[in-house]
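Novice: Here is what each chain is made of, one letter per residue.
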Amino acid sequence: QHGRVKIKSTAQQEEEKRKEREKKLKIYIAARDACFSKRKEGICDDEALQLTQQLLSSNPDFATLWNYRREILMHLEDEVQKIYEAELSFLESCLKVNPKSYGSWHHRGWVSARLPQPDWARELSLCDRCLSLDDRNFHCWDYRRMVVKMSGVPVDQELGFTDHLIGSNFSNYSSWHYRSTLLPLLHPESPEPLCLSEYELVQNAFFTDPNDQSAWFYYRWLLGRGITKLVTCGALFLSLVFQAQSVGLLLVLDGQPQRVEWRSVHPRFKHSPVWICDLPPGTISDITNEHNLTVHWTEKHTHRDCALYTGRTESYCRDSATDQELFRSELSVEKTSVLQSELQSCNQLQELEPLNKWCLLTIILLMRALDPLGYEKETLAHFQTLKEVDSMRSAYYSDLCSKFMIENTILKMEYAEVRVFSISDKNLTTLCHLDQLLLVTHINLSSNQLQRLPPQFAMLQCLEVLEADNNNIENLEGLFCLSKLEEINLKNNNISTLADLQPLASCPKIKRLDLRGNPVTQMAKIEAELAELLPSVTDILL
Amino acid sequence: GKVCDDEFEEFEPLDFLRDRHVRFFQRTLQVLPERYASLETTRLTIIFFALSGLDVLDALDVIDRNTMIEWIYSLQVLPTDDQSNISRCGFRGSSHIGIPYSTKGPGVLHPYDSGHVAMTYTGLCSLLILGDNLSRVNKQACLAGLRALQLEDGSFYAVPEGSENDIRFIYCAASICYMLDDWSGMDIQKAIEYIRGSLSYDNGFGQGAGRESHGGWTYCAIASLCLMGRLEEALSRRELDRIRRWCIMRQQSGFHGRPNKPVDTCYSFWVGATLELLDVFQYTNFDKNRSFILSTQDRLVGGFAKWPDSHPDPLHAYLGLCGLSLIGEPSLRKVHPALNITQRAFQHLQQLQQAWKDSTGSCSRQH
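Heads up: the protein sequence lines correspond to chains A and B, in order.
With the numbering used here, letter number 152 in the first sequence gets 152, and the count goes up by one each step, no holes.
With the numbering used here, letter number 182 in the second sequence gets 182, and the count goes up by one each step, no holes.
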């Protein structure tokens, strides 16, 4: 149902229209009935073609009639070329009336493919004309792609076609899209020289009109080309907790395979990167001897080893976060220099157009790719501007910024203490990458804007102390079966019912709970209720 | 310079005219203007828009349910006695082929009578909305008809005689299997491959491989994967984040379906529901979305149009309501974002499916 603009008309015009419609209706019904009775009798002749033509001219979406026409055309033996060409001519008139009819385009594709002597140049020219009227008509683009494929038009010729379209109008999103499919065909490995001229083309586009999305989306894709993504596999052991994408894990203890059940950290969290198993009782009873554990991840043909040393109660094996390039991709020297020069260009544009959101977003992404820690301050400043300039999406940007700050904090952990995670007063609106915090014993999330500790939070299996004061937390789902958790600080949050505190009952070692400044403290008999819910917590502050 | 549009915005009445919309859908179910003639072959989809629209408005009491249910069953293409047409079963769009009216089997053999995947989908939805228990649906025939439509590449035709094939019909197929609680109607793995192949360089989905990203096809992709229960298996976390980004950039005031296209009411649902399924709808701006949708509301005849100052039509009227429902418009029922029916109708489906499970359980116990 395509948009039709309202036009007012007089009563007389209305009456004339009505008479016209009645006349058309009579003709339509007569033609339809004649058509079907012919088909019923199995007649495939010229008159049938005439009748269906009449009907399809006014209703090109009557799919059954196209099918009937195809039947008729397949039965023909003489003058096939001439009749098929007449068909193409008929289709052109249909397309003039409705250039977005699935039935018409599909039929044209069928006819063109079966024409004894096809004229692909004419088909391309039809596409040109159609696109000049509406360059976003995807039916036409799809048809053009078919014609190109059938007639073997060389890729560089089609690239030239997109050059021409983009050259006359940078805002041609469908052309950029088409280009994105052609470029990989021509240069599958994207050697640098080609990319540079492509970058120039795109830069011209967004320098000319920085507010047009087309070039920016294409640019983002272009920047990402030719970067190899590493598959990360961080394996962390602790009380036998393994980080993997799926459960295909085999545990071997001191050379003996163990029969264990792996479970996700939270029942609501089915696709977990972290899996836990409990060893059968008595398997490691003797901590005065060294034990060797290996976990095999069969699907990825890899494994990690860990030794539990004499007298120790925990052990772990961990891949370095920076070595793994966890949050960004590995860049070659050439790629780095290309991205740096792109960043320079974008910065230039940003000086001319300080409120352009696409520019700001691209700069942020380039900085993340090049040096997330080095550019941290600038990134935060740009996010501030971005949220003001594109306020409709400010919540999305806040989350994106939270993610980047968490990534930076994780990267910094490499150079400091790997068991303490401190990210307070950073305007965090969401938590992520919690699978990287498996080893953390102390976490400080205070003075942010968090609303919940989601099920994924249960991945912090080693957590002993949680500082989360001064947030807006109302949901504690993620504090589930955290067997080492002893201290919880939730001062000045939004915990309002006893039910909100239910998950804490699953954590056996909690000794101290600070709930001051939460609405729940105003509840009647709150001390008694808490004593019943959490009997082993000795120190509750209300 | 900084754009400050708040001061200069024209005063647009932002009240939601519920009664007008009820009457709009009532009229849709009676007689349509002449310009809709070309939609005769897809009439059942128009009925679905009206019925589901009335459901969202909590106004189903204005129609005669039983008559409607009978009419829908008359559109079922049933198997003939010898089952020779079993691969062509399903529901047809209307009576335009000329099969004599009948709500019971056996089927009548006709060279051009076959189900249409979108009609089977909207037919089943409509029956559920009307409270029917689907007992007269020949489920095995529908599923056989569905299997016959899937191609090697995982996509579906609309009709067994052939038609264009793309991601829209995968969505219809997935919905049908979901409602009938029977995935033997399709090869899920192949469908997933086709869907993945439709992911474009800019992280939206096209109608198929190599085709331009579009809000409608992105909805079909994500909703299908959700109905199959395979969203996180089929797409990595990185891919999902990128898809979220493409989708969230579609909001301009309301939503558009592709970059540099004007905003259009129906995308408030297609893109809105996709964002809801991806858990990020709460990051969109509800006020601007609502203002746009209501600017396309027809204050005289009811319904919504795709743009302001245009004629309303059943599709945009229905999807406009769904768009408003997503942002929590008070008088509207909640909509199931993947199946595109109300949560109320969805609960009815769940009860039916439980009853089906229970009865097969008791059957096996008896043996």
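Be aware that one or more of the hints could be misleading.
As the list claims (entries may be wrong) - Only part of the chain A face toward chain B is listed, based on derived beta-carbon distances under 10 Å:
no.: 1; residue: Tyr178
no.: 2; residue: Gln344
no.: 3; residue: Gln348
no.: 4; residue: Ser391
no.: 5; residue: Ser398
no.: 6; residue: Lys511
Unchecked claim - Within a straight-line C-alpha distance of at most 25 Å, the following computed BS3-like cross-link-like pairs (lysine-lysine) qualify:
no.: 7; chain 1: A; residue 1: Lys96; chain 2: B; residue 2: Lys334
no.: 8; chain 1: A; residue 1: Lys149; chain 2: B; residue 2: Lys288
no.: 9; chain 1: B; residue 1: Lys288; chain 2: B; residue 2: Lys334
no.: 10; chain 1: A; residue 1: Lys426; chain 2: A; residue 2: Lys525
no.: 11; chain 1: A; residue 1: Lys100; chain 2: A; residue 2: Lys24
no.: 12; chain 1: A; residue 1: Lys377; chain 2: A; residue 2: Lys412
no.: 13; chain 1: A; residue 1: Lys387; chain 2: B; residue 2: Lys261
no.: 14; chain 1: A; residue 1: Lys270; chain 2: A; residue 2: Lys300
no.: 15; chain 1: A; residue 1: Lys38; chain 2: A; residue 2: Lys96
no.: 16; chain 1: A; residue 1: Lys387; chain 2: B; residue 2: Lys190
no.: 17; chain 1: A; residue 1: Lys491; chain 2: A; residue 2: Lys509
no.: 18; chain 1: B; residue 1: Lys288; chain 2: B; residue 2: Lys261
no.: 19; chain 1: A; residue 1: Lys511; chain 2: A; residue 2: Lys484
no.: 20; chain 1: A; residue 1: Lys270; chain 2: B; residue 2: Lys190
no.: 21; chain 1: A; residue 1: Lys491; chain 2: A; residue 2: Lys511
no.: 22; chain 1: A; residue 1: Lys335; chain 2: A; residue 2: Lys377
no.: 23; chain 1: B; residue 1: Lys190; chain 2: A; residue 2: Lys100
no.: 24; chain 1: A; residue 1: Lys24; chain 2: A; residue 2: Lys82
no.: 25; chain 1: B; residue 1: Lys288; chain 2: A; residue 2: Lys300
no.: 26; chain 1: A; residue 1: Lys300; chain 2: A; residue 2: Lys335
no.: 27; chain 1: A; residue 1: Lys509; chain 2: A; residue 2: Lys525
Source of the hints: derived by calculation from the structure; they are not laboratory data.
Positions of the beta carbon are idealized from the N, C-alpha and C atoms, including for glycine.
Novice: Against this structure, judge whether each hint is valid.
Specialist: Verification of the hints:
1. A cut of 10 Å between beta carbons decides the hint on A/Tyr178: the least distance to chain B is about 8 Å, and the hint holds.
2. Look at A/Gln344: its Cβ only gets to about 24 Å from chain B, farther than 10 Å, so that hint breaks.
3. Nearest Cβ of chain B to the Cβ of A/Gln348: about 20 Å, over the 10 Å cut. The hint is violated.
4. Interface hint status for A/Ser391: upheld, as the beta-carbon distance to the closest one in chain B is roughly 8 Å, under 10 Å.
5. A distance limit of 10 Å between C-beta atoms decides the matter here; for A/Ser398 the minimum to chain B is near 9 Å, and the interface restraint holds.
6. For A/Lys511, the interface hint is violated, the least distance from its beta-carbon to any beta-carbon of chain B being 35 Å, above 10 Å.
7. As the CA atoms of A/Lys96 and B/Lys334 are separated by approximately 41 Å, the hinted pair breaks the 25 Å bound.
8. In summary, the hint linking A/Lys149 to B/Lys288 is not supported, as the alpha carbons are separated by about 43 Å, beyond the 25 Å threshold.
9. Taking the CA atoms of B/Lys288 and B/Lys334, the gap is near 20 Å; set against the 25 Å cutoff, the hint holds.
10. The straight-line distance between the Cα atoms of A/Lys426 and A/Lys525 is roughly 36 Å, outside the 25 Å bound, and the hint therefore fails.
11. Under the criterion of a C-alpha separation no larger than 25 Å, the hint pairing A/Lys100 with A/Lys24 is consistent with the structure, at around 23 Å.
12. For a cut-off of 25 Å, the pair hint linking A/Lys377 to A/Lys412 stands: about 15 Å separates their Cα positions.
13. A distance of roughly 24 Å separates the Cα atoms of A/Lys387 and B/Lys261; the hinted pair therefore holds under the 25 Å criterion.
14. Of the supplied pair hints, the one linking A/Lys270 and A/Lys300 holds, its CA atoms being roughly 20 Å apart against a limit of 25 Å.
15. Distance restraint check for A/Lys38 and A/Lys96: the Cα-Cα separation of roughly 28 Å exceeds the 25 Å cut-off, and the hinted pair is therefore not satisfied.
16. Our distance criterion of 25 Å between C-alpha atoms is broken by A/Lys387 and B/Lys190, whose separation comes to about 41 Å.
17. As the CA atoms of A/Lys491 and A/Lys509 are separated by approximately 20 Å, the hinted pair is consistent with the 25 Å bound.
18. Restraint check for B/Lys288 and B/Lys261: the C-alpha separation of about 17 Å stays at or below 25 Å, so the hint holds.
19. For a cut-off of 25 Å, the pair hint linking A/Lys511 to A/Lys484 stands: about 11 Å separates their Cα positions.
20. At roughly 23 Å between alpha-carbon atoms, A/Lys270 and B/Lys190 fall within 25 Å of each other, so this suggested pair holds.
21. The suggested pairing of A/Lys491 with A/Lys511 holds, with an alpha-carbon distance near 16 Å, which does not exceed 25 Å.
22. A C-alpha spacing of about 24 Å is found between A/Lys335 and A/Lys377, which places the hinted pair at or below 25 Å, so the restraint holds.
23. Straight-line distance between C-alpha atoms of B/Lys190 and A/Lys100 comes to about 28 Å, which puts the hinted pair past the 25 Å bound.
24. A threshold of 25 Å between alpha carbons decides the hint, and for A/Lys24 with A/Lys82 the separation of about 30 Å lies outside it, so the pair is violated.
25. At roughly 47 Å between alpha-carbon atoms, B/Lys288 and A/Lys300 are farther apart than 25 Å, so this suggested pair is violated.
26. At most 25 Å may separate the alpha-carbon atoms for a hinted pair to count; A/Lys300 and A/Lys335 exceed this at roughly 29 Å.
27. Taking the CA atoms of A/Lys509 and A/Lys525, the gap is about 24 Å. The hint holds against a cut of 25 Å.
The structure fails to meet hints 2, 3, 6, 7, 8, 10, 15, 16, 23, 24, 25, 26 from the earlier list, while all remaining hints are met.
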